[in-house]
Amino acid sequence: MLKVEKIEVRYSGVPVIHDVSFHVNGGELVSIVGANGSGKTTLLKTVAGTLHPAKGSIEFEDEDISTSSTVNIVRKGITYVPEERRIFGPLSVEENLKLGAYIVDDREEIEKNLDYVYSLFPILKARQKQLGETLSGGEQQMLATGRGLMSSPKLLMLDEPSLGLMPKLVDEMLEAVATLKEEGKTILLVEQKVREALEMADRGYVLQTGRTIYKGTGEELLETDIVKKAFLGL
Amino acid sequence: MEMLLSTLVSALLMGMLFALVALGLAIIFGVMNIVNFAHGEFLMVGMYTAFLTATIFSIEPLLTLPIAAMVGFLLGIASYYMLVRYLLKGPMIAQLLGTFGLMIFLRYLAMCIFGPDYKTLEHGLLIGKSIMWGPVVLSYPRLGTAVLSMLGFGIIYWMMDYTRLGKALKATALDVEAAGYMGIDTEKMRGLAWGLGGATVGIAGALLINFYYVFPTIGILFCMIAFATVALGGFGSIKGAFIAGLIMGMIIDLGGTYLGPQYKFALIYLTFFLVVVIRPKGLFGW
Ligand SMILES: Nc1ncnc2c1ncn2[C@@H]1O[C@H](COP(=O)(O)OP(=O)(O)OP(=O)(O)O)[C@@H](O)[C@H]1O
Ligand SMILES: [Mg+2]
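Protein sequences appear in the order of chains F and P. Residue numbers for the first sequence follow this note's numbering, beginning at 192 and rising by one. Residue numbers for the second sequence follow this note's numbering, beginning at 20 and rising by one.
If we strip away everything but chain F, and leave its shape as in the complex, we get:
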């Protein structure tokens, strides 16, 4: 579904992603793990069209999207739930969610997706009229994730959904991701919770200073030395 080939991404001329390739098949949950600053967010933002690769190509459903704008990429069916959540603070939960469905014209679809998000995160339903900025960190993450689902994306990219949450909420959040996967959604997940992310994943990639150093199924990666030493403290 998504095929990233040998991309290089730069910030003001300085490359931070070198020669990275990965792919996501329909229905898969693929995890990308790596230390702070290894380039995970940069990678997702490049797929989302906020950044563009200087070299290499990105294909989505056999169409080259490496130079497409974010708007067109969202329209093609990829949504990105950013690391900093970036919910619209002065707007209500429901308004935030409806903005997630901005590209959807069909009212019924919007209502259906809204019900779906509320069933996935019941707390959001209880808070629907509350302003985004008054939500707790965990609720904001749920809101950002729910908002990313509102346009019925073909591929959902989640950037560290567990960031800054207390352990109980981390589990809840990751369970929601697992539920999405079971329901057949295609997900590209970036996580610091390496063990959980790889256990859940069909496949994964380990990123280090902007290069993919390992790839394989979740179990395979959990057995590699680098993952054991660097991330699991074994």
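Please keep in mind that the hints were generated in silico from the structure rather than gathered at the bench. Quick reminder that beta carbons are idealized off the backbone N, C-alpha and C, glycines included. Mixed in with the good hints, there may be bad ones.
[As the list claims (entries may be wrong)] Not everything, but these chain P residues come out facing chain F in the computed CB check (under 7 Å): (1) L193; (2) A197; (3) I203.
[Stated by the list, open to error] Rough simulated footprint, nothing fancy, chain P against chain F, three-plus residues with beta-carbon under 8 Å: (4) 263-271; (5) 280-291.
Model the placement of chain P with the ligands on the given structure of chain F, informed by the hints.
Same frame as chain F, now just chain P with the ligands:
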């Protein structure tokens, strides 16, 4: 007492025009955090547009409103796509100087074309008329201006809160990057904000010409008032622009009447200063 009442009513009516002038500034600032120094010149363009259309075609000045709105809209859009878009890539100082340059350019362009003379419309449905309402003198142009300003405000307010476009503008204003992730074409929204800002101030110009003369440097006067209004109301707040407009109307008219017209501007600057010191985000700022 009767004079106070008359002044008060007249000030409130004038305040609604100040509010409409400030509205465009607030929209532009709200959506992209840029202060449009040329805003007063946009008003001047609106006034000349209405003046010329009304005199050349000898039509009722009120009928020039849509034309002034259109011209203002195009001026706003052109400013964004031909200038502001490039300024955004530069440092903060480029943004400040950029619209400042546009202000100078428009002002002296008008000077070249129209000369420094004061021009005023003499005929029109509202011009020069007034009625008595009890002890209060109601000037038709001010009354008409106030009603139409309120209407304009109502339309923009409704648009922002109840339409998809308004939601998209709001989202762009709150967080461009996040708005982009929603699939909102933020570049278009920014252009549109300039278009709307230009259109509303264009309408304000076409209303103002019914009771005020136009000359190439009129912009500075109203620009200062608009800045103070927007600062008072809260940068980017539409509701704030409206309420602050009314307050500014009272400060200027009451101050002008009771302290003497020479203090009008000192009062504007004083208000501006006090707001910045006491409540920098204004009455309704985010
Ligand atoms: N806007 C930017 N300008 C310049 N360099 C940047 C920018 N954003 C990130 N970088 C650099 O690019 C590299 C990759 O950063 P990135 O945010 O993609 O890492 P990450 O894997 O997501 O890290 P984290 O786990 O902390 O979220 C880092 O060295 C970072 O300093
Ligand atoms: Mg990151």
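Hint check results:
1. Hint on L193 (chain P) holds. Least Cβ distance to chain F is approximately 5 Å, under the 7 Å limit.
2. Among the interface hints, the one on A197 (chain P) holds; its C-beta lies about 4 Å from the nearest C-beta in chain F, closer than the 7 Å criterion.
3. The beta carbon of I203 (chain P) comes within 6 Å of a beta carbon in chain F, closer than 7 Å, and the hint placing it at the interface holds.
4. Against chain P, the segment 263-271 of chain F contributes 4 residues with a C-beta closer than 8 Å to a partner C-beta. That satisfies the three-residue criterion, and the hint holds.
5. Coverage of the segment 280-291 of chain F by chain P holds. Counting CB-CB distances below 8 Å, 7 residues qualify, and the rule asks for three or more.
In the structure shown, no violation is registered for any of the earlier numbered hints.
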